[in-house]
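As a plain string of letters, each chain reads:
2 protein chains.
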Amino acid sequence: MFGLIGKLVAQPGQRDALAAILLRGSRDMPGCLSYIVALDATEPDALWVTEVWTSPEQHQASLALPSVREAIAAGKPLIASFGSFTTTQPLGGHGLMPPVHA
Amino acid sequence: MFGLIGKLVAQPGQRDALAAILLRGSRDMPGCLSYIVALDATEPDALWVTEVWTSPEQHQASLALPSVREAIAAGKPLIASFGSFTTTQPLGGHGLMPPVHA
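Protein sequence lines correspond, in order, to chains X and H. Following our numbering, the numbering of the first sequence begins with 993 at its first residue and continues without gaps. Following our numbering, the numbering of the second sequence begins with 993 at its first residue and continues without gaps.
By construction, these hints were calculated from the structure, which means they are not laboratory data. All C-beta atoms, glycine included, are put in the ideal place defined by N, C-alpha and C. Wrong hints could be hidden among the right ones.
In silico negatives: residues of chain H with every beta carbon more than 12 Å from chain X [stated by the list, open to error]:
#1 Gly995
#2 Gln1006
#3 Ile1028
#4 Asp1032
#5 Ala1053
#6 Pro1069
Only pairs whose alpha carbons sit at most 30 Å apart, straight line, appear in this in silico DSBU-like list of lysine-lysine [unchecked claim]:
#7 H:Lys1068 / X:Lys999
#8 H:Lys999 / X:Lys999
#9 X:Lys1068 / X:Lys999
Only chain X is shown next, with the shape it has when bound in the complex (with noise of 0.2 Å):
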C-alpha cells in the first residue's frame, strides 16, 4: 500500500471552500482505500488530507482523473500554502476499503 499525509493552508476563510472541493473531487477513485479530509483543530487555516492507495501508481493514475482534475483546478487558487507533506507504506488498520464499484 501506498500512503499520503498532507497538510494544506488554505487562504484565510476559503478552508470550508476548498475541504468541499476535495470531498467532492476524491469520491470513487480506482484502488483508493482510505481519503479522508480533515479540519486543523487549532489552526483556522489548515486542513488535513491522508490518503491510503493500493499503489503509488494507482495515487499516480488518479490524478489524470476528470473529477480529480476539476478538483485540483477548482481548489488551486484557494490554497495559501503546502504544509508538511509524509508519503508512508501503509501496513494496516481498520478503515481501509476499496470504491464499491472498483
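Got chain X; can you put chain H on it based on the hints?
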C-alpha cells in the same frame, strides 16, 4: 467527528514490532471509524497513526479498553520519542466505517 494524526519514533529496529502491537491493540474499538498504522517512507524508525472517532469521548473511552491498555503497556518500551501530534475535525471522505459489531 474527532481525529488524530500522530508520529511515533521507535527504538532502533523496533518499528515493526511496535506497529504490530498497535495493529493488534486497535481492533474492534467502539466509536472508531478509521485507525491506520503506516511506516514513514523515508525515516527508518518512524511510523504514523491516523485515527477517526465519532467523538473525543469515544477516543478517551478507548484508552480504558483491556486490549488498548495491553497495547500501551507492551508498546511503550519500544517508543523512542513522539513526533508531531495533531488533533483534527474530520469532515468526511472515503473509508470511514464503524466496527462491524459496534
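A quick look at each hint next to the structure:
Annotated as non-interface, Gly995 (chain H) brings its C-beta within 12 Å of a C-beta of chain X; the closest such distance is 5 Å. At roughly 14 Å, the least C-beta separation between Gln1006 (chain H) and chain X is larger than 12 Å, which holds for a residue marked as non-interface. The claim that Ile1028 (chain H) is not at the interface with chain X is violated, since a C-beta of that chain comes within 12 Å of its own (minimum 4 Å). The claim that Asp1032 (chain H) is not at the interface with chain X is violated, since a C-beta of that chain comes within 12 Å of its own (minimum 6 Å).
At roughly 16 Å, the least C-beta separation between Ala1053 (chain H) and chain X is larger than 12 Å, which holds for a residue marked as non-interface. No beta-carbon of chain X is positioned within 12 Å of the beta-carbon of Pro1069 (chain H); the least distance is around 20 Å. A hinted pair counts as satisfied when its Cα atoms are at most 30 Å apart, and Lys1068 (chain H) with Lys999 (chain X) qualifies at roughly 28 Å. For the proposed pair Lys999 (chain H) and Lys999 (chain X), the alpha carbon gap of about 14 Å is at most 30 Å, so the pair holds.
At roughly 14 Å between alpha-carbon atoms, Lys1068 (chain X) and Lys999 (chain X) fall within 30 Å of each other, so this suggested pair holds.
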